[in-house]
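Asks: Listed below, chain by chain, are the residues.
There are 2 protein chains.
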Amino acid sequence: MAEPKKADTLKPRLPRGLVDRRADEIAAQGRMLETIRASFELYGFEALETPFIEYTEALGKFLPDLDRPNEGVFSFQDDDESWLSLRYDLTAPLARHVAENFDALPKPYRSFRNGYVFRNEKPGPGRFRQFMQFDADIVGAASVAADAEICMLMADTLDKLGLAGQYVVKVNNRKVLDGVMEAIGLSGPDKAGQRLTVLRAIDKLDRLGAEGVRLLLGPGRKDESGDFTKGAGLDEAAISRILAYVSFQAAPTGEGDRIAFWDQFFGSWSDVVGDSETGREGIAELHVMMRLCEAAGYGFDRIRADPSVVRGLEYYTGPVYEAELTFPVTNEAGETVRFGSVAGGGRYDGLVGRFRAEPVPATGFSIGVSRLFSALQLTGSPLLQGKAKPGPVVVLVLDRENIADYQRLVALLRAENIRAELYLGGSGMKAQMKYADRRGSPCAIIQGSNEREAGEVQIKDLIEGAKAAEGISSNAEWKAARPAQFSVKEDEMVARVKEVLARHF
Amino acid sequence: MAEPKKADTLKPRLPRGLVDRRADEIAAQGRMLETIRASFELYGFEALETPFIEYTEALGKFLPDLDRPNEGVFSFQDDDESWLSLRYDLTAPLARHVAENFDALPKPYRSFRNGYVFRNEKPGPGRFRQFMQFDADIVGAASVAADAEICMLMADTLDKLGLAGQYVVKVNNRKVLDGVMEAIGLSGPDKAGQRLTVLRAIDKLDRLGAEGVRLLLGPGRKDESGDFTKGAGLDEAAISRILAYVSFQAAPTGEGDRIAFWDQFFGSWSDVVGDSETGREGIAELHVMMRLCEAAGYGFDRIRADPSVVRGLEYYTGPVYEAELTFPVTNEAGETVRFGSVAGGGRYDGLVGRFRAEPVPATGFSIGVSRLFSALQLTGSPLLQGKAKPGPVVVLVLDRENIADYQRLVALLRAENIRAELYLGGSGMKAQMKYADRRGSPCAIIQGSNEREAGEVQIKDLIEGAKAAEGISSNAEWKAARPAQFSVKEDEMVARVKEVLARHF
Numbered sequence: 000m001a002e003p004k005k006a007d008t009l010k011p012r013l014p015r016g017l018v019d020r021r022a023d024e025i026a027a028q029g030r031m032l033e034t035i036r037a038s039f040e041l042y043g044f045e046a047l048e049t050p051f052i053e054y055t056e057a058l059g060k061f062l063p064d065l066d067r068p069n070e071g072v073f074s075f076q077d078d079d080e081s082w083l084s085l086r087y088d089l090t091a092p093l094a095r096h097v098a099e100n101f102d103a104l105p106k107p108y109r110s111f112r113n114g115y116v117f118r119n120e121k122p123g124p125g126r127f128r129q130f131m132q133f134d135a136d137i138v139g140a141a142s143v144a145a146d147a148e149i150c151m152l153m154a155d156t157l158d159k160l161g162l163a164g165q166y167v168v169k170v171n172n173r174k175v176l177d178g179v180m181e182a183i184g185l186s187g188p189d190k191a192g193q194r195l196t197v198l199r200a201i202d203k204l205d206r207l208g209a210e211g212v213r214l215l216l217g218p219g220r221k222d223e224s225g226d227f228t229k230g231a232g233l234d235e236a237a238i239s240r241i242l243a244y245v246s247f248q249a250a251p252t253g254e255g256d257r258i259a260f261w262d263q264f265f266g267s268w269s270d271v272v273g274d275s276e277t278g279r280e281g282i283a284e285l286h287v288m289m290r291l292c293e294a295a296g297y298g299f300d301r302i303r304a305d306p307s308v309v310r311g312l313e314y315y316t317g318p319v320y321e322a323e324l325t326f327p328v329t330n331e332a333g334e335t336v337r338f339g340s341v342a343g344g345g346r347y348d349g350l351v352g353r354f355r356a357e358p359v360p361a362t363g364f365s366i367g368v369s370r371l372f373s374a375l376q377l378t379g380s381p382l383l384q385g386k387a388k389p390g391p392v393v394v395l396v397l398d399r400e401n402i403a404d405y406q407r408l409v410a411l412l413r414a415e416n417i418r419a420e421l422y423l424g425g426s427g428m429k430a431q432m433k434y435a436d437r438r439g440s441p442c443a444i445i446q447g448s449n450e451r452e453a454g455e456v457q458i459k460d461l462i463e464g465a466k467a468a469e470g471i472s473s474n475a476e477w478k479a480a481r482p483a484q485f486s487v488k489e490d491e492m493v494a495r496v497k498e499v500l501a502r503h504f
Numbered sequence: 000m001a002e003p004k005k006a007d008t009l010k011p012r013l014p015r016g017l018v019d020r021r022a023d024e025i026a027a028q029g030r031m032l033e034t035i036r037a038s039f040e041l042y043g044f045e046a047l048e049t050p051f052i053e054y055t056e057a058l059g060k061f062l063p064d065l066d067r068p069n070e071g072v073f074s075f076q077d078d079d080e081s082w083l084s085l086r087y088d089l090t091a092p093l094a095r096h097v098a099e100n101f102d103a104l105p106k107p108y109r110s111f112r113n114g115y116v117f118r119n120e121k122p123g124p125g126r127f128r129q130f131m132q133f134d135a136d137i138v139g140a141a142s143v144a145a146d147a148e149i150c151m152l153m154a155d156t157l158d159k160l161g162l163a164g165q166y167v168v169k170v171n172n173r174k175v176l177d178g179v180m181e182a183i184g185l186s187g188p189d190k191a192g193q194r195l196t197v198l199r200a201i202d203k204l205d206r207l208g209a210e211g212v213r214l215l216l217g218p219g220r221k222d223e224s225g226d227f228t229k230g231a232g233l234d235e236a237a238i239s240r241i242l243a244y245v246s247f248q249a250a251p252t253g254e255g256d257r258i259a260f261w262d263q264f265f266g267s268w269s270d271v272v273g274d275s276e277t278g279r280e281g282i283a284e285l286h287v288m289m290r291l292c293e294a295a296g297y298g299f300d301r302i303r304a305d306p307s308v309v310r311g312l313e314y315y316t317g318p319v320y321e322a323e324l325t326f327p328v329t330n331e332a333g334e335t336v337r338f339g340s341v342a343g344g345g346r347y348d349g350l351v352g353r354f355r356a357e358p359v360p361a362t363g364f365s366i367g368v369s370r371l372f373s374a375l376q377l378t379g380s381p382l383l384q385g386k387a388k389p390g391p392v393v394v395l396v397l398d399r400e401n402i403a404d405y406q407r408l409v410a411l412l413r414a415e416n417i418r419a420e421l422y423l424g425g426s427g428m429k430a431q432m433k434y435a436d437r438r439g440s441p442c443a444i445i446q447g448s449n450e451r452e453a454g455e456v457q458i459k460d461l462i463e464g465a466k467a468a469e470g471i472s473s474n475a476e477w478k479a480a481r482p483a484q485f486s487v488k489e490d491e492m493v494a495r496v497k498e499v500l501a502r503h504f
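Listed in order, the protein sequences are those of chains A and B. Going by numbering that gives the first Met the number 0, the first sequence opens with residue 0, and the numbers climb by one from there. Going by numbering that gives the first Met the number 0, the second sequence opens with residue 0, and the numbers climb by one from there.
This is chain A alone, in the form it adopts within the complex (with noise of 0.2 Å):
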């Protein structure tokens, strides 16, 4: 191995925006990945795993024009000078798998896929360079009953978490913001970069309520910082007409007829979209999907249309939606807000397309995995803490040549599934103790030359020790006392080591 270029000690650190993960966050993230896992297979969903490099093309992140990768993904170059990239996202690389593998695929089809991508964008808190998604996607099917399946799937799945009456899932229609945007005439071609920047305003609203999102449609607006934002232009007929929309907030009172509801709810709707196509296509669209959701048993408290759910993605063509977390969290500038989105997804009928001459309907969502599990911890999720684990047993070593006796009382303990190791460093009994106490260990098995004549061993429940440490008051005290501490004969070590363990787990 080459020597390290800058020093003679090189500095131990992470790249900025990545992090190591411990045990317990491991453990307490599995739990939630399995119960997720559980959800998605129980909708007929299978898992599919693809490799975390793909050919840059195939991402669709080259930079419009050039010959290169968008910087917001880490490329290099293969040997034959082809573009390769870090997966950035779990989407891309299905379209690339269902393509690659059409015929063979039953259609519908339903996979789901977990897993770390990577964004080479700058870092900041909460904001990782690598983190975890979790996506399920419904391929083939055309039908928003799909849309509809994916937005069920969303609340089960958070039920399931433990957050039930914490989430609500907002869906909206791309169709019906295209429609608004025709009947303002910002239709064709030429105005795509006006109708994302109309997008991006909308996005804004849970943030910047509806005055800075109307100066955000008109001249652009100015932030606390001073930084000025362009605005999108518009003038003030069309400012009012897209205002007017997003403030359709559904709001049924009491506990009437919900699918009477929708109806009179979208007969609402029409005028903003005037006469577009497209706009009443995904107003129908909208509509539909809330029927099939009441008549599933998805009320509105759990899943509802939005007009202000727009997500960031370019490639959505129709339904999208969003799963966010109701209840108040404290944000970086003291300020009481809602916990906001973990999850969201939409129609992308496109993306499979780009590979076939045909095109291939698809619909799905994404779990933001780090989000969620923070969500978790703050609402204090049983399923975070699981069942307490031992440490293992520890056998000390206190005379080093019969290292050989003191491995052979370690095998015993295994063989009878009991976790248990070797005390493997070079310090003395106390700092040996001391290893056990940090590692959690029930208890400590103790052989001196005494005990070993006597075929016995010391066995000190750690657990019992502490608790009877805190009513001693003396190191004299505690050497007369030695609570929780007793000899046994060696061959019944193992069944007195299950009884501590029965005692405490």
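What the hints contain is simulated information worked out from the structure, not anything from laboratory work. A couple of the hints might just be wrong.
Heads up, the list lumps identical chains together, so a pair's fine if it works in one copy or across two of them.
[Said to hold, decoys possible] List of simulated lysine-lysine pairs, DSBU-like, C-alpha gap at most 35 Å:
| id | residue 1 | residue 2 |
| --- | --- | --- |
| 1 | Lys121 | Lys10 |
| 2 | Lys106 | Lys10 |
| 3 | Lys388 | Lys106 |
| 4 | Lys488 | Lys466 |
| 5 | Lys10 | Lys466 |
| 6 | Lys159 | Lys386 |
| 7 | Lys229 | Lys386 |
| 8 | Lys10 | Lys190 |
| 9 | Lys466 | Lys106 |
| 10 | Lys488 | Lys106 |
| 11 | Lys388 | Lys159 |
| 12 | Lys121 | Lys433 |
| 13 | Lys497 | Lys386 |
| 14 | Lys497 | Lys121 |
| 15 | Lys203 | Lys433 |
| 16 | Lys159 | Lys433 |
| 17 | Lys159 | Lys488 |
| 18 | Lys488 | Lys388 |
| 19 | Lys106 | Lys386 |
| 20 | Lys106 | Lys433 |
| 21 | Lys106 | Lys497 |
| 22 | Lys429 | Lys106 |
Starting from the known structure of chain A, arrange chain B on it as the hints suggest.
Replies: The following block gives chain B in isolation, referenced to the frame of chain A:
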């Protein structure tokens, strides 16, 4: 998203040396990984996860005398120009983690890690550019008792995977190899290149036999294809000494005293290392390890000293070990050979020390997950088969305008934890039944207008039906009998589906 550059329709494909994995393989490998994890935990090891990206210098992967990374790793520059690489193994990231968190970790620190690593090398059959490793390491234990524990862990883990009697853990010590080199005059930093050539020659003993190794130690060797490999250029006396050394194969007969056997076996080694202090130290360490393993009940058939074990990595400083599967397989050339190595490792006392002033002893091993998985497939391991899991119950869609009703039936099944889905495609009845077959459905739910009016559904038992179909010869006969299909009231549907499931799973 930018449009693809090269063609209107992209070819969907993966870069060479990368693969997708489907549900069956993911589940089977998951069971194997779970067995390994439980085995490592029993030994007191704890999970750790590090990110996929590290500073290239932290991996020690700079080319000698050059400021750019080794071609064997995937590398890219960060926005501050520093080089980043995808991890090449799980050992270098552990060394970085331990150095970075030294004071916070218990010592000795027992850690296990599982995940993909990346090699920017030419892929071939069974050689991937992304592959999985499962590692266990003990950091901060200088004693060879730690190396003995690692060897026992390797043996126990293979036992738990159902490979008892089909493996051997072979152990050697780099210091012995160094001693042999010293004895033939190959010591000192200027001979490092020649020593590496000698180690690589010994490493080929299994494949080339003694005569092949003799050529590689001497003038060099031409293989069948005519390619010439340069030799180490040793003289006849040196070659004989090395060949004599690697021929020391431990082969105790009968059930005699194994401790005494090892005493006698190592007695005959001292000659080959001559006066080399290092060599004698290595023999003594290996001897202690064999005594410890024997005392803990790991006999010669499971763990044994073998002078031909070398291990390719340059950073090993003491004991090296390798788990070899001994059952025969047919190689690409049609020859019967042993399956070979599935795991290996050794002591690397210098690796953490690259980051710190004081040395930090460490030892550990790595399982090649894909190779081990292939081995379990070859041996027909029941672990990989697992318990058969039913596909989803498929609710067919006969009248599209009643889709909300079908969705409600699906919701009823899922509420009782029965894996179920709505058919979401656009095809007719026949294609829907074919889809259900393809998904491995235990039964399909069918509701036409007649059944709906009567408040009933048809349950079609697809497993029973497939059996019955074998005894029916004509379509007419089938229609008359309609085996394994029955009507039930809607409110009995869940209970009757449960009966079908209980019958088959």
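Asks: Work down the list of hints and note, for each, if the structure agrees.
Replies: Checked hints:
1. Lys121 - Lys10: both (22 Å within a copy, 32 Å between copies)
2. Lys106 - Lys10: Between copies only: 21 Å across, 52 Å inside.
3. Lys388 - Lys106: This pair counts as between: shortest inter-copy Cα distance 20 Å, intra-copy 43 Å.
4. Lys488 - Lys466: within (26 Å within a copy, 61 Å between copies)
5. Lys10 - Lys466: Close neither inside one copy (42 Å) nor across copies (67 Å); limit 35 Å.
6. Lys159 - Lys386: both (18 Å within a copy, 24 Å between copies)
7. Lys229 - Lys386: neither (53 Å within a copy, 60 Å between copies)
8. Lys10 - Lys190: between (51 Å within a copy, 31 Å between copies)
9. Lys466 - Lys106: between (61 Å within a copy, 25 Å between copies)
10. Lys488 - Lys106: between (65 Å within a copy, 30 Å between copies)
11. Lys388 - Lys159: both (23 Å within a copy, 21 Å between copies)
12. Lys121 - Lys433: Neither. Shortest intra-copy (42 Å) and inter-copy (49 Å) distances fail the 35 Å Cα cut-off.
13. Lys497 - Lys386: For Lys497 and Lys386, the Cα distance is within 35 Å both inside one copy (18 Å) and across copies (31 Å).
14. Lys497 - Lys121: neither (52 Å within a copy, 52 Å between copies)
15. Lys203 - Lys433: neither (53 Å within a copy, 46 Å between copies)
16. Lys159 - Lys433: Between copies only: 32 Å across chains, 40 Å inside a chain, cut-off 35 Å.
17. Lys159 - Lys488: Classified as between: cross-chain Cα gap 29 Å, same-chain 49 Å, threshold 35 Å.
18. Lys488 - Lys388: within (27 Å within a copy, 47 Å between copies)
19. Lys106 - Lys386: between (40 Å within a copy, 26 Å between copies)
20. Lys106 - Lys433: between (59 Å within a copy, 10 Å between copies)
21. Lys106 - Lys497: Between. Shortest inter-copy distance 26 Å satisfies the 35 Å Cα cut-off; intra-copy 53 Å does not.
22. Lys429 - Lys106: Between copies, since 14 Å is at most 35 Å while 65 Å is not.
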